[in-house]
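Asker: The primary structure of each chain is shown beneath.
There are 4 protein chains.
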Amino acid sequence: MVVILENNATEEQIKNIKQHLEDFGFQIHESSGVQRTILGAIGVKPGFDIRKVRILEGVADVYRVTSPFKLASRKFKEEKTVIKIKDVEIGGSKIAMMAGPCSVESEEQIFKLAEVVAKSGSKILRGGAFKPRSSPYSFQGLGEEGLRLMREAADQYGLLVITEVMQIDQIELISKYTDIFQLGARNMQNFSLLKELSKSEIPVMIKRGLAATIEEWLMSAEYILSGGNKNVILCERGIRTFETYTRNTFDLSAIPIIHNRSHLPVVADPSHATGLRDQVPPMARAAVAAGADALMIEIHHDPENALSDGPQALLPETFSQLMQELRLIAQAIGKTI
Amino acid sequence: MVVILENNATEEQIKNIKQHLEDFGFQIHESSGVQRTILGAIGVKPGFDIRKVRILEGVADVYRVTSPFKLASRKFKEEKTVIKIKDVEIGGSKIAMMAGPCSVESEEQIFKLAEVVAKSGSKILRGGAFKPRSSPYSFQGLGEEGLRLMREAADQYGLLVITEVMQIDQIELISKYTDIFQLGARNMQNFSLLKELSKSEIPVMIKRGLAATIEEWLMSAEYILSGGNKNVILCERGIRTFETYTRNTFDLSAIPIIHNRSHLPVVADPSHATGLRDQVPPMARAAVAAGADALMIEIHHDPENALSDGPQALLPETFSQLMQELRLIAQAIGKTI
Amino acid sequence: MVVILENNATEEQIKNIKQHLEDFGFQIHESSGVQRTILGAIGVKPGFDIRKVRILEGVADVYRVTSPFKLASRKFKEEKTVIKIKDVEIGGSKIAMMAGPCSVESEEQIFKLAEVVAKSGSKILRGGAFKPRSSPYSFQGLGEEGLRLMREAADQYGLLVITEVMQIDQIELISKYTDIFQLGARNMQNFSLLKELSKSEIPVMIKRGLAATIEEWLMSAEYILSGGNKNVILCERGIRTFETYTRNTFDLSAIPIIHNRSHLPVVADPSHATGLRDQVPPMARAAVAAGADALMIEIHHDPENALSDGPQALLPETFSQLMQELRLIAQAIGKTI
Amino acid sequence: MVVILENNATEEQIKNIKQHLEDFGFQIHESSGVQRTILGAIGVKPGFDIRKVRILEGVADVYRVTSPFKLASRKFKEEKTVIKIKDVEIGGSKIAMMAGPCSVESEEQIFKLAEVVAKSGSKILRGGAFKPRSSPYSFQGLGEEGLRLMREAADQYGLLVITEVMQIDQIELISKYTDIFQLGARNMQNFSLLKELSKSEIPVMIKRGLAATIEEWLMSAEYILSGGNKNVILCERGIRTFETYTRNTFDLSAIPIIHNRSHLPVVADPSHATGLRDQVPPMARAAVAAGADALMIEIHHDPENALSDGPQALLPETFSQLMQELRLIAQAIGKTI
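Residue numbers (the numbering used here), protein chains in the order written: chain P, 365 to 701; chain U, 365 to 701; chain L, 365 to 701; chain X, 365 to 701.
No lab work stands behind these hints: they were computed from the structure. Treat each hint with caution, since some may be false.
Unchecked claim - In silico lysine-lysine, DSS-like type, Cα no more than 25 Å apart, as pairs:
| # | chain 1 | residue 1 | chain 2 | residue 2 |
| --- | --- | --- | --- | --- |
| 1 | U | 559 | P | 559 |
| 2 | X | 416 | U | 439 |
| 3 | P | 439 | L | 379 |
| 4 | P | 382 | L | 379 |
| 5 | X | 594 | X | 563 |
| 6 | P | 441 | P | 559 |
| 7 | X | 448 | X | 483 |
| 8 | U | 439 | X | 382 |
| 9 | L | 416 | X | 476 |
| 10 | L | 699 | U | 699 |
| 11 | X | 540 | X | 450 |
| 12 | X | 559 | L | 559 |
| 13 | L | 441 | L | 416 |
| 14 | L | 476 | X | 416 |
| 15 | X | 439 | U | 379 |
| 16 | P | 476 | U | 416 |
| 17 | P | 439 | L | 559 |
| 18 | L | 434 | L | 450 |
| 19 | L | 439 | P | 416 |
| 20 | P | 699 | X | 699 |
What the hints assert, rightly or not - Computed, partial: chain U to chain L, Cβ under 8 Å:
| # | residue |
| --- | --- |
| 21 | 606 |
| 22 | 614 |
| 23 | 620 |
From a predicted model like this one, the values you see are computed outputs, not experimental measurements. No residue lacks a Cβ here, since even glycine has one placed at the ideal position from N, Cα and C.
In isolation and in its complexed conformation, chain P is listed as follows:
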């Protein structure tokens, strides 16, 4: 932490500031110029609220020098994390594809789509079983029956399962069926849930909150990592901005930034980011070109009658065609799909 003192800070104020910094557990290094005195407060205290120093009399400004996250940072672990689940790797040179419906709706639906996913060469089946929605009047998911169907469909076609967990009391149940927990954007800072998930060994994919900075997102990863679960994946799915022609603004620059600051793999979800199927293929291509470690894409064989988010689902044939294009782009940047 760097503490800039007011030009006219008194001796007494400076003494008081130093005392506080020591009480907080920092070592102090002073640097005085003609106009300014700067105190370097050395010591790593990840959760420290720097406003506590900013409000002291005589302090002009305070800057945090170390990241608030540690285990998630590239400095802590230089080599990139590759998450291995059965025969699938996320974070390596092969881009992992996750595809499936927004919600599991029926046995027929999920088996049909699992087949599409497998045939396209994708390895991970996505699908929601619990769907509390922004409107209390909407379809709310099949529950455990949905989990069971998804697991069976995945097993039949040799796929992994990723599905969302929304409450602590669902963890045990969902553990029986899934290979990866998805933590939804709205739960990115549900710290109680993060803590419980940190005790599991099942990988957790954290979707970025609609208004979450990259730093806050990495702090949520830190929660899981600090609890002992090393298998954390991040998923960019759009942030909220003033633009209204898109549902969200897909922040693809988050991908190289995270790769620069963290060792964790990053997934891109163009379906939720854009909200309309026309946008999905170009944004999926862009995500691969930007360096995404995996993609998550919604598909549906009958989007007009899908019980949720049909408008953003790709038809199976569009998805297969997209996979061809993505393979070429992956190749162009030295990767495979």
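Fit chains U, L and X to the given chain P structure using the hints.
Answerer: Same frame as chain P, but now just chains U, L and X:
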């Protein structure tokens, strides 16, 4: 819902669109101009995803005509809701004051502050007992012990208690101690929790999410109302914008907008909105002038050593002085405090 | 400027960084801890691009210590600036009221409204003569004829004139008619225009850009001040956020923040901030309570037929009534109107 | 325009609303359901302020049905616009590359960089001659001398020139040297300047304003088109959001959205969008994959000593290498560079 057709929509497309609208349960009214055909789809379906119509061939655009919320709307209930808890009213011509520390830290602290609250003429004691924080390394609250201390302190000074509930499994416990549930900004769209709270009779104050539109916020109120709990209070506490000199941007215009569209009372929380104590008094004054039904303000007798959010807490004497100013402003607009 | 070095920065890198800092004209103070070396680079260079240091090998992070603005800062000039124009003061304990139509439309209109303004006790007449609009198909203003009419109306009723200048080649013309230049939100960073206005002695009111941070806004003030024009007024008129129920989000916390960091007076414009007349009175009241030095309000005697922005204009009688309320609030915080 | 009436609108109110709509020049079609009456107001009035209808008594809501822009829309002109300048096309299947320094600094610098640009196979040289900056204390450009040097360097290496115009009185001068006018983000809504540029035949590239919606951006294009200049190019360069790890948020989804709604070509500028050179290559790749018609990239042979924006400039060798990668990605999506 209003459906605008493409200028060159074919007969067949139009027929298909109408069929879909009927299948969705709408009555159709057609209006054809020289350049445009417009279909009015009549019928109230609050949770309907209008993108389902937008993606049909021949549709140029779709607009929702009714609000997605109903029970929360001024059209549904014209007279303003006044929540009565013991001898305190929220939503009437007397502005309710909620004050207290961010976290309950000790018996001494909460009793000392409860006294300050009571002496100032405020009627509601705030304080957090469960504090999962954005950093896993920060103080996490006293738990049930905190609830008990807060209840005792409130009872001694004739105050109501408001405290945050973060998980479904805390509802029962917290019910024993609190008069109002506070639903935090990060849980505004925790729909499972909303549903459970809707079964309680204890009033729920919903803090606006950092990136929540006013419409989404009212939808969260709708969740509680539709489950049977009529005692919903909204709380503006700042939204996230690009501005960095403030922690959040305090959206005071939300107050008159909600009063215009909804019958529910609105509280303003200048402490969390601004994040620094210098900002709290002017923004508290502005909130009263803008028509807030209540204010929530953080106070602490020793903010430098507060275990959480000290930098935004007012000292007891500053708070008492602010109360004087607020009384004059309330008077100026025909209210009391 | 504070330069944080990488933990593993080499001797050579550190030498190179120091050489650069010296070449840039900074004095260097070094502070080495166990984990970190911090360089304090002392010297005030307002326009320096700190990214130039951030990209040097071995640098972990860089923080600017001094504000990028100087003349606009409270540190440079401690006492608040009061702008005196004829018998009107802006920035003192009397809140200045600016009112009038969006555009000057006709002689009858502007005289009628000038009378309303004067009778209400307001001292400044606002009105636009040049109105290039976001649509090329909209009303574009009366031009010099508008300026002349506004000046005559103001003179007849003993008012000052404020009107917008949009191009350098309008400065001379508008100078003949106005008492205050208004610089529109879209021109806040039109640096060529700022430079020319800095050579004038006529006060300049700078409207905050839709996406301008408070810091950038103060930098625009710095442009005018550094050119020699000391009469700068700032005007908050709403920022762009994700919220769609309001046209803009009225950032009232900008008022106390600027009062804290700068000596310049701040005006609030609730008409443009909210865009709808129902919102104007509560937000005008809130602005006074938040400490605004002046208010700018649009009025029109026939808003339904106004040629521009009628929907946000108050009727004369609503405006007069609002003035009563504002006087009471001003009184409550120790001011007058 | 679609006008939704209040459920309880009176006969008289409805009559009044209809009268207004007719006075505004609209044809009316009425559609009455059990709960709602909807008026379709037919007629294309691009600059019409719909708030004029919204404020009428008895109106519940109003929606604009036609886009506010016309000439820029895909409906007006179905085939994509290809801008031809000498032997270069922008908007066709060959992606156009624009590269060069932020500012022209010296003869040596611009000739050296023009050579790099030409050797890489790029066809357009970028560079700034007039650089009014956000700080009054920064380098402000070489002026006409810069224009002359850039033209000579471009001619020697067979390149086109693109440079920024900031004021109306620069148009004539810059016309002598440039092949494409660049309109900066801060001038996107400088309507006086737009109008003058619309009278030129030189193509105009409009950079998206920092807080501009795609609709507003297209309205600025409409300004140029409606004045008679058909050669309009759009340039995405990042929007302002809450994220602080990047300078701006690069909104790549704007590319497919504009291609869907407009016939105009879209350029992407990853240098300004990200602000740091590490981010430029991945975002340049993503832009090509998302379908950009051209790219604009800043390069500098000595970025540490660049007079402006050095930190975001690529070194010549990094740029050459990036060109290789971009060619492969272009190929993958059926284009060339």
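Asker: Any hints this thing doesn't respect? Which numbers, in order?
Answerer: Numbers 4, 13, 17, 18, in rising order.
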